[in-house]
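Go ahead and model the full structure; you've got the sequences and the hints to work with.
Protein chains: 2
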Amino acid sequence: MYKFDETPVMPKGFSCASRNCGIKEEGDDLALFYSEKTAEAAAVFTRNLVPGAPVIAGREIIKKSKLQAVVVNSRVSNVGTGDEGVKRAYRMSAAAAKELNCNEDEVIMSSTGVIAVPLPVEKIESGLVGMKADLCSDPLIGASGIMTTDTYAKAISISCDDYTLTIVGKGSGMIEPNMATMLVYVFTDAAVSAKDLDTVLRVGVNKSFNMLSVDTDTSTSDTVIAMANGLSEKEVDLDEFQQRFSAACIRMTEMLARDGEGATKLLKILVEEAIDEKQAKIYARAMVNSPLIKTMAHGCDPNIGRMLMALGKCFDNDLDVAKLELIVNGVTVFADSVKTNFDEKALRQSIDSDEVVFQVKLGLGSGEATAYGCDLTHGYVDENAAYYSS
Amino acid sequence: MYKFDETPVMPKGFSCASRNCGIKEEGDDLALFYSEKTAEAAAVFTRNLVPGAPVIAGREIIKKSKLQAVVVNSRVSNVGTGDEGVKRAYRMSAAAAKELNCNEDEVIMSSTGVIAVPLPVEKIESGLVGMKADLCSDPLIGASGIMTTDTYAKAISISCDDYTLTIVGKGSGMIEPNMATMLVYVFTDAAVSAKDLDTVLRVGVNKSFNMLSVDTDTSTSDTVIAMANGLSEKEVDLDEFQQRFSAACIRMTEMLARDGEGATKLLKILVEEAIDEKQAKIYARAMVNSPLIKTMAHGCDPNIGRMLMALGKCFDNDLDVAKLELIVNGVTVFADSVKTNFDEKALRQSIDSDEVVFQVKLGLGSGEATAYGCDLTHGYVDENAAYYSS
Chain A
1 MYKFDETPVM
11 PKGFSCASRN
21 CGIKEEGDDL
31 ALFYSEKTAE
41 AAAVFTRNLV
51 PGAPVIAGRE
61 IIKKSKLQAV
71 VVNSRVSNVG
81 TGDEGVKRAY
91 RMSAAAAKEL
101 NCNEDEVIMS
111 STGVIAVPLP
121 VEKIESGLVG
131 MKADLCSDPL
141 IGASGIMTTD
151 TYAKAISISC
161 DDYTLTIVGK
171 GSGMIEPNMA
181 TMLVYVFTDA
191 AVSAKDLDTV
201 LRVGVNKSFN
211 MLSVDTDTST
221 SDTVIAMANG
231 LSEKEVDLDE
241 FQQRFSAACI
251 RMTEMLARDG
261 EGATKLLKIL
271 VEEAIDEKQA
281 KIYARAMVNS
291 PLIKTMAHGC
301 DPNIGRMLMA
311 LGKCFDNDLD
321 VAKLELIVNG
331 VTVFADSVKT
341 NFDEKALRQS
351 IDSDEVVFQV
361 KLGLGSGEAT
371 AYGCDLTHGY
381 VDENAAYYSS
Chain B
1 MYKFDETPVM
11 PKGFSCASRN
21 CGIKEEGDDL
31 ALFYSEKTAE
41 AAAVFTRNLV
51 PGAPVIAGRE
61 IIKKSKLQAV
71 VVNSRVSNVG
81 TGDEGVKRAY
91 RMSAAAAKEL
101 NCNEDEVIMS
111 STGVIAVPLP
121 VEKIESGLVG
131 MKADLCSDPL
141 IGASGIMTTD
151 TYAKAISISC
161 DDYTLTIVGK
171 GSGMIEPNMA
181 TMLVYVFTDA
191 AVSAKDLDTV
201 LRVGVNKSFN
211 MLSVDTDTST
221 SDTVIAMANG
231 LSEKEVDLDE
241 FQQRFSAACI
251 RMTEMLARDG
261 EGATKLLKIL
271 VEEAIDEKQA
281 KIYARAMVNS
291 PLIKTMAHGC
301 DPNIGRMLMA
311 LGKCFDNDLD
321 VAKLELIVNG
331 VTVFADSVKT
341 NFDEKALRQS
351 IDSDEVVFQV
361 KLGLGSGEAT
371 AYGCDLTHGY
381 VDENAAYYSS
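Protein chains in written order, with the UniProt record's numbering: chain A, 1 to 390; chain B, 1 to 390.
Derived from the structure by calculation, the hints contain no laboratory data. Hints are supplied without guarantee of correctness; some may be wrong.
[Claimed, not checked] List time: in silico DSSO-like cross-link candidates among lysine-lysine, alpha-carbon distance up to 30 Å: (1) K24(A) / K313(B); (2) K268(A) / K313(B); (3) K207(B) / K313(A); (4) K37(B) / K313(A); (5) K278(B) / K313(A); (6) K361(B) / K87(A); (7) K345(B) / K313(A); (8) K313(B) / K63(A); (9) K207(A) / K24(B); (10) K345(B) / K123(A); (11) K207(B) / K63(B); (12) K313(B) / K278(A); (13) K195(B) / K313(A).
[Unchecked claim] Some chain A residues judged to face chain B by a derived CB distance under 7 Å, without partners named: (14) V44; (15) N48; (16) I62; (17) K63; (18) A116; (19) T295; (20) H298; (21) I304; (22) K313; (23) S337; (24) V338; (25) F342; (26) L347; (27) Q349; (28) S353; (29) V381.
[To be verified] Each pair of labels, with its calculated beta carbon distance range: (30) A322(B) / G330(A): 33 to 39 Å; (31) A346(A) / G22(B): 27 to 33 Å; (32) Y152(B) / V357(A): 39 to 45 Å.
Each residue gets a CB set at the ideal place from its N, CA and C atoms; glycine is no exception.
Below, the structure written as structure tokens:
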């Protein structure tokens, strides 16, 4: 629907930098995102009951709804580190504020990597010194510093006459490989109040990142932060902004799903005609998270039994098999309570691509939802069974 | 606690047989379990919203609380087959009743295998002819006819002076490999009323089979049936019977978990000191189902981060990290909010066995629960990605 910029750019007034500060043996492990003007800000964090120190600190910082910078390290997540971990998180933002000459309480921090290991904050403090000079307008540079097991740096932007919207993200693959942590930063020079930005962020996240799953394992560090610095100085139509914002979030969600641990293909589950959106989400998530759906997609097998099973295991929901229609990559495979006579060979060939779309028509109402995920492969087992946690 | 018989036997008056009736190219695909006297009976079935035809029919048959036989086929599950499927399920029990010369409405049926494929009921009808002559007292014979991807036939018995209790089960591995279907039949010559048997069955199943998961995918055919024919003619102490019944169910659960698709080890998750049993079950299930816990067990890695994550993702539950203690194979790995100084090499060696016990002490109350599962391996991906559904 929207045309994304061929080469992603940072919005007016935003810049970023990445470097190696010695936490990783090689590759960038420290990133800085900066707005020359304090921005209106909003954030959503993981619902995990064991949130990381940066999430605990971040929830306090975002209360002011103002941010000028984000500082992120990879390799060590600063989770399960007690009170000392929270102190080190604040030392991280203080060091970034000093380097950028801005207010400490307008800098937010993220950390991603192994859990229950002390944050090497001295390396981060030293690494930040002089980093302001590296700031540039290429969001892929910032994206490289937050990567863990992602196979490539992820940034997209969408520009219109009035403003630019840029998203930098890191994968919901495992952390080195430890845990599906997703870090996403949305920057815009559009003029939006913190209150409106918060609403737009939550609507966008609910339709995109919150419908993404690589392996059902919710990280202790998931964070999405949005910053709007208003430097475009144009009035924004909020509905149009919401649509553009959501479209960009969905695009980034698809990128994260495709690059999930060991993934070879994107799975999209479209549930339609549910009683309501809540029910549609339950069914879509059950499908996208089922190991049997994930392996059948990997094996290019249009297995009706597994689709029926995955829907049916959503206990306490309405399901009328007689009204149910199952469609895989546009081919109806189940209707009127029985398997249809589809061309199985042709459908197998169609599933043997980098994207599989499962469409579920429930025939019950007008609720709908889409979930995003990936296939389950040897690669997932390899990365996560071979991992050393310390 | 209880000593199981070295060689399993059927209780007094019970017998079984298996044969190949032509549904599978080779190997037994039809099994018959028979009591010479009509037994008091109880059953629990899958909660899947797309139950198989035998589950739909079985729910009607069990209302009478009387059974004299169970007939089971493997290879085709008779699920997603519409009204015709239900008719064929009843044809199956009618044919068994005719062969055994008992009442049609006292014979229950199960089917396990591929979904959305018509049941070849003529083969079953022909196969049953003359099968009464094959009935024998070895429960492993009956167990062989209900196998799908199980690697061995599963039957156990526990005998005391007063009665024998025998369980025949098939794996919660995939069906050929399609779906984690569990079929379990419990036979006893103890004298127990149908009402008491139903209570004992539900208590036993809740602590055993309902706490088992290979891959979170609930089958459309799961069935546990209990039959008590009273031929021991001794009074039963119901509490003692319950304990013995539950112990046998737990033993069979562990056998099914160990033989899960591609599994190399049994995972036991003991959650203690929860607010209540309900909460303990939520945490235990989250741990046993987490792909990251399953792969770390496979990789022999005592990864504290993944344990914290799996507990923490149980949103809307109480969790106090300061009170939390995590113990792996008897070694405390997390306490007082931080990782302990345990001998990692020794613990890795201890995890490198066929059983891993994760113990979670929540410090919140006296609720407890145990969940049973297995590791996630290449074998699981291979069996389920390579599968052809038709």
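So, going through the hints one by one against the coordinates:
1. K24(A) / K313(B): This hinted pair holds, its Cα atoms lying about 28 Å apart.
2. K268(A) / K313(B): holds (23 Å)
3. K207(B) / K313(A): holds (20 Å)
4. K37(B) / K313(A): Violated. K37(B) to K313(A) sits at ~37 Å, over the 30 Å cutoff.
5. K278(B) / K313(A): It holds: about 19 Å lies between the C-alpha atoms, which stays within 30 Å.
6. K361(B) / K87(A): holds (27 Å)
7. K345(B) / K313(A): violated (40 Å)
8. K313(B) / K63(A): Holds, at roughly 24 Å.
9. K207(A) / K24(B): Not satisfied, since the Cα-Cα distance of roughly 46 Å exceeds 30 Å.
10. K345(B) / K123(A): holds (28 Å)
11. K207(B) / K63(B): holds (24 Å)
12. K313(B) / K278(A): holds (19 Å)
13. K195(B) / K313(A): holds (28 Å)
14. V44: violated (14 Å)
15. N48: holds (4 Å)
16. I62: Since chain B brings no Cβ nearer than about 20 Å to I62(A), farther than 7 Å, the hint is violated.
17. K63: Nearest chain B Cβ about 22 Å off; hint violated.
18. A116: The hint holds - A116(A) has a Cβ within 7 Å of chain B, the shortest such distance being about 4 Å.
19. T295: Status holds, d = 4 Å.
20. H298: Check passed: Cβ of H298(A) comes within 4 Å of chain B, closer than 7 Å.
21. I304: Given a least distance of 5 Å, the restraint on I304(A) holds.
22. K313: Holds, about 4 Å.
23. S337: Holds: closest Cβ of chain B sits about 4 Å from S337(A), inside 7 Å.
24. V338: At about 5 Å, which falls below the 7 Å cut-off, the nearest Cβ of chain B leaves the hint on V338(A) intact, so it holds.
25. F342: violated (10 Å)
26. L347: violated (11 Å)
27. Q349: With Cβ-Cβ at 14 Å, over 7 Å, it is violated.
28. S353: Since chain B brings no Cβ nearer than about 15 Å to S353(A), farther than 7 Å, the hint is violated.
29. V381: holds (6 Å)
30. A322(B) / G330(A): 33 to 39 Å: With Cβ atoms ~53 Å apart, the hint is violated.
31. A346(A) / G22(B): 27 to 33 Å: Because 31 Å falls inside the window, the suggested range holds.
32. Y152(B) / V357(A): 39 to 45 Å: holds (40 Å)
Violation of the numbered hints given earlier is confined to hints 4, 7, 9, 14, 16, 17, 25, 26, 27, 28, 30; the remaining hints are satisfied by the structure.
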